[in-house]
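S.K.: One-letter residues, chain by chain:
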Amino acid sequence: MPQRKSWVYYNDRLSRYLFISSAVLVSLIILCIIWFVGMQGLSTFREVSIIEFFTSSKWSPDSGKFGALTFIAGSIGTTLIAILLGGPLGLAGAVFLAEIAPPWVRAFMRPATDLFAGIPSVVYGYVGITVIVGLTGKLTNSPTGYGMLAAGIVLAIMILPTVISLSEDALRSLPRTYKEASLALGATRWQTIRRVLVPAASPGILTAIILAMARAIGETMAVQMVIGNSPRFPDSLGSPTSTLTSNIVMEMGNTPFGSTWNNGLFMMAFILLIIALIMIILVRTASRKGAAR
Amino acid sequence: MDKIVVNKLDLFYGDQQALNNIGIAMKERSVTALIGPSGCGKSTFLRTLNRMQDLIPSVKIMGQVKIDGQDIYAAGTDVVLLRKKVGMVFQNPNPFPKSVFENVAYGPRIHGETDKKKLSEIVETSLKDAALWNEVKDRLHESALGLSGGQQQRLCIARLLAVGPEILLMDEPTSALDPISTMKIEELISELKDKYTIIIVTHNMHQASRVSDRTAFFLSGDLIEEDVTSVLFTRPAKKKTEDYISGRFG
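As you go down the protein sequences, you meet chains A and B in turn.
Positions in the first sequence are counted from 1; adding 1 to them yields the numbering used here.
Positions in the second sequence are counted from 1; adding 64 to them yields the numbering used here.
Incorrect hints may appear among the rest.
[As the list claims (entries may be wrong)] A few chain A positions that, by computed beta-carbon distances, are all more than 10 angstroms from chain B: (1) 9; (2) 11; (3) 277.
[To be verified] No farther apart than 20 angstroms at their CA atoms in a straight line, the calculated lysine to any residue pairs in the SDA-like style are these: (4) 303(B) with 293(B); (5) 162(B) with 177(A); (6) 124(B) with 155(B); (7) 290(A) with 209(B); (8) 162(B) with 175(A); (9) 290(A) with 163(B); (10) 162(B) with 260(A); (11) 162(B) with 178(A); (12) 290(A) with 161(B); (13) 162(B) with 207(A); (14) 149(B) with 189(A); (15) 290(A) with 206(B); (16) 162(B) with 176(A); (17) 149(B) with 181(A); (18) 303(B) with 289(B); (19) 162(B) with 200(A); (20) 59(A) with 251(A); (21) 149(B) with 163(B); (22) 149(B) with 192(A); (23) 290(A) with 175(A); (24) 290(A) with 205(B); (25) 162(B) with 193(A); (26) 149(B) with 115(B); (27) 162(B) with 66(A); (28) 162(B) with 289(A); (29) 66(A) with 260(A); (30) 290(A) with 162(B); (31) 259(B) with 185(B); (32) 130(B) with 185(B); (33) 162(B) with 181(A); (34) 290(A) with 210(B); (35) 162(B) with 191(A).
Honestly, the hints are just simulated from the structure, not real lab data.
Bear in mind that the values here come from a model prediction, so they are computed numbers and not experimental data.
Every residue gets a Cβ at the ideal spot worked out from N, C-alpha and C, and that includes glycine.
The following block holds chain A by itself, in its conformation from the complex (with noise of 0.2 angstroms):
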């Protein structure tokens, strides 16, 4: 054996190190992000109070008032108007490719849903003002359209492409065996779907769902485009509001660091974080629920 050691180990030792301070890096830098962004938001109840702020609508920061109720309510009114319509939607259509389409068109649908994922969200939300607005402007009966119903359909068709392939991809991932024995039980192949394959699935659709959601609630461009952007309590459908992220990039720009303005529109950016922390452990949950069985 040769006394010293060789470059081999060497080798291994540095990359080692390389990759744990890689990982450290990244963690510190999502620890910074909560902690600066914490720490300049929860400064805003030096001067206004939590009730305050969470909840009364009025938002006016030239007379000191700050009441964020507005853009909590709107930014859950949207995401939950996008579930609503892009959750059973994008399900259907992940049952459709899963278990009923020819593969031809699976192939082509398949890769399509996914550029649907990729396309910059400021194309849905330019397509969002120039078709859906008007569109809900005739629904809700509203002068303009702009409003929280808009601001739902257009997240919707955002999310779809997350709920399709997630929910295909826990479908296709269930063992044939669950189809085979049903149908020779003498299920219908409708039957097979809504109480085997879908109910198996379950786990991982909720996940597809969770994280629909926490892209939907985090959607700043299109949302700002076709939601109105009015600090005003959202008291219709298709009244123009705002949302935390809309709310946010809007004024953000304007405001001093350091001012209570600033403060608030930083808290706004945490309650975000915070919900996507919960949104997160939410679909751990659900697919640790999912291996358990």
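Guided by the hints, dock chain B onto chain A, whose structure is given.
M.R.: Showing chain B alone in chain A's frame:
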């Protein structure tokens, strides 16, 4: 009385012929074993009897399969009713990721039974008929995936009995099981044949001779010979059969 009569059955996967002019008749309330080396077409043949083979794209089937005198490949055949009548047990136990109860109740439910009391009666009788009741009666609402392999296979048989079939197709039902579970399934088969017509594919010639009344020997998509089991294993008429059962190939 002949329950199943197969006439001039050919089956193609694309251009490749997998079954070649099969003709065979099976009696009601009897056990027929299908034996032969891997890839000889015995499983393929089994799956033509409940039209599960239709699920594979590019399959072409010609000829006649008559069950109770009706050609199941005739236009207008209700595949759902056919599969209700001709049930199937698969090689690997394949319970649904549901509770024991829901697994057995699945069949009756899809065929329209909603009465809770009736469902639990069906579940109980089916589990008893599959010789599983005593082992699972206290855990009916736990996941079926927690059962052992042998229990899962008997659960699949119970799930099948619950829809009220007349014919049971078994595709190597014990090949994934340990010897004791295998023995239990074999005992079950000899009890079930009082009520059902059973066709079992098996790799194991001892199993064929233990459980079956008649045995059919398949080779490369041909039905070489079919006879009373004891005759086929002791005085086979064909040279190929003799070579196979004496272990000269396969």
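S.K.: Against this structure, judge whether each hint is valid.
M.R.: A quick look at each hint next to the structure:
The claim that residue 9(A) is not at the interface with chain B holds, since no C-beta of that chain comes within 10 angstroms of its own (minimum 45 angstroms). For residue 11(A), the shortest C-beta to C-beta distance to chain B comes to about 49 angstroms, beyond the 10 angstroms cut-off, and the non-interface label holds. For residue 277(A), the non-interface assignment is confirmed: its Cβ lies about 30 angstroms from the closest Cβ of chain B, beyond the 10 angstroms cut-off. Restraint check for residue 303(B) and residue 293(B): the C-alpha separation of about 16 angstroms stays at or below 20 angstroms, so the hint holds.
A distance of roughly 16 angstroms separates the Cα atoms of residue 162(B) and residue 177(A); the hinted pair therefore holds under the 20 angstroms criterion. For the suggested pair residue 124(B) and residue 155(B), the alpha carbons sit about 24 angstroms apart, so the restraint of at most 20 angstroms is broken. Annotation: proposed proximity of residue 290(A) to residue 209(B) holds, straight-line Cα distance about 14 angstroms (limit 20 angstroms). Taking the CA atoms of residue 162(B) and residue 175(A), the gap is near 14 angstroms; set against the 20 angstroms cutoff, the hint holds.
Restraint check: the Cα-Cα separation between residue 290(A) and residue 163(B) comes to about 15 angstroms, which is no more than 20 angstroms; the hinted pair holds. A C-alpha spacing of about 57 angstroms is found between residue 162(B) and residue 260(A), which places the hinted pair above 20 angstroms, so the restraint is violated. Only pairs whose Cα atoms come within 20 angstroms are accepted, and residue 162(B) paired with residue 178(A) is accepted, the gap being roughly 14 angstroms. Using a Cα cut-off of 20 angstroms, the hinted pair residue 290(A) and residue 161(B) holds, with the two alpha carbons roughly 12 angstroms apart.
Among the hinted pairs, residue 162(B) with residue 207(A) is consistent with the structure: their alpha-carbon atoms are about 18 angstroms apart, no more than 20 angstroms. Distance hint between residue 149(B) and residue 189(A) is fulfilled; the C-alpha atoms sit about 14 angstroms from each other, no more than 20 angstroms. For the given pair, residue 290(A) sits about 15 angstroms from residue 206(B) by alpha-carbon distance, which is consistent with the 20 angstroms threshold. As the CA atoms of residue 162(B) and residue 176(A) are separated by approximately 14 angstroms, the hinted pair is consistent with the 20 angstroms bound.
Distance check on the hinted pair: residue 149(B) and residue 181(A) sit about 16 angstroms apart at the alpha-carbon level, within 20 angstroms; holds. With a C-alpha separation of about 10 angstroms, the suggested pair residue 303(B) and residue 289(B) falls inside the 20 angstroms cut-off, and the hint holds. The straight-line distance between the Cα atoms of residue 162(B) and residue 200(A) is roughly 9 angstroms, inside the 20 angstroms bound, and the hint therefore holds. Proximity of residue 59(A) to residue 251(A) is assessed by CA-CA distance (about 17 angstroms); at most 20 angstroms being required, the pair is judged to hold.
A threshold of 20 angstroms between alpha carbons decides the hint, and for residue 149(B) with residue 163(B) the separation of about 24 angstroms lies outside it, so the pair is violated. Annotation: proposed proximity of residue 149(B) to residue 192(A) holds, straight-line Cα distance about 18 angstroms (limit 20 angstroms). For the hint pairing residue 290(A) with residue 175(A), the CA-to-CA distance comes to about 15 angstroms; that is within 20 angstroms, so the pair holds. A C-alpha spacing of about 18 angstroms is found between residue 290(A) and residue 205(B), which places the hinted pair at or below 20 angstroms, so the restraint holds.
The hinted pair formed by residue 162(B) and residue 193(A) meets the criterion: a straight-line CA distance of about 14 angstroms does not exceed 20 angstroms. A distance of roughly 12 angstroms separates the Cα atoms of residue 149(B) and residue 115(B); the hinted pair therefore holds under the 20 angstroms criterion. Our distance criterion of 20 angstroms between C-alpha atoms is broken by residue 162(B) and residue 66(A), whose separation comes to about 54 angstroms. With a C-alpha separation of about 17 angstroms, the suggested pairing of residue 162(B) with residue 289(A) holds against the 20 angstroms cut-off.
Note on residue 66(A) and residue 260(A): the hinted pairing holds, with a Cα-Cα distance of about 13 angstroms set against a maximum of 20 angstroms. Proximity of residue 290(A) to residue 162(B) is assessed by CA-CA distance (about 14 angstroms); at most 20 angstroms being required, the pair is judged to hold. Of the pairs offered as hints, the one joining residue 259(B) and residue 185(B) holds, with about 19 angstroms between alpha carbons and a cut-off of 20 angstroms not exceeded. At most 20 angstroms may separate the alpha-carbon atoms for a hinted pair to count; residue 130(B) and residue 185(B) exceed this at roughly 33 angstroms.
This hinted pair checks out: residue 162(B) and residue 181(A) have alpha carbons roughly 16 angstroms apart, not beyond 20 angstroms. For a cut-off of 20 angstroms, the pair hint linking residue 290(A) to residue 210(B) stands: about 15 angstroms separates their Cα positions. Restraint check for residue 162(B) and residue 191(A): the C-alpha separation of about 18 angstroms stays at or below 20 angstroms, so the hint holds.
Taken one by one, the earlier hints fail for this structure at numbers 6, 10, 21, 27 and 32, listed in ascending order.
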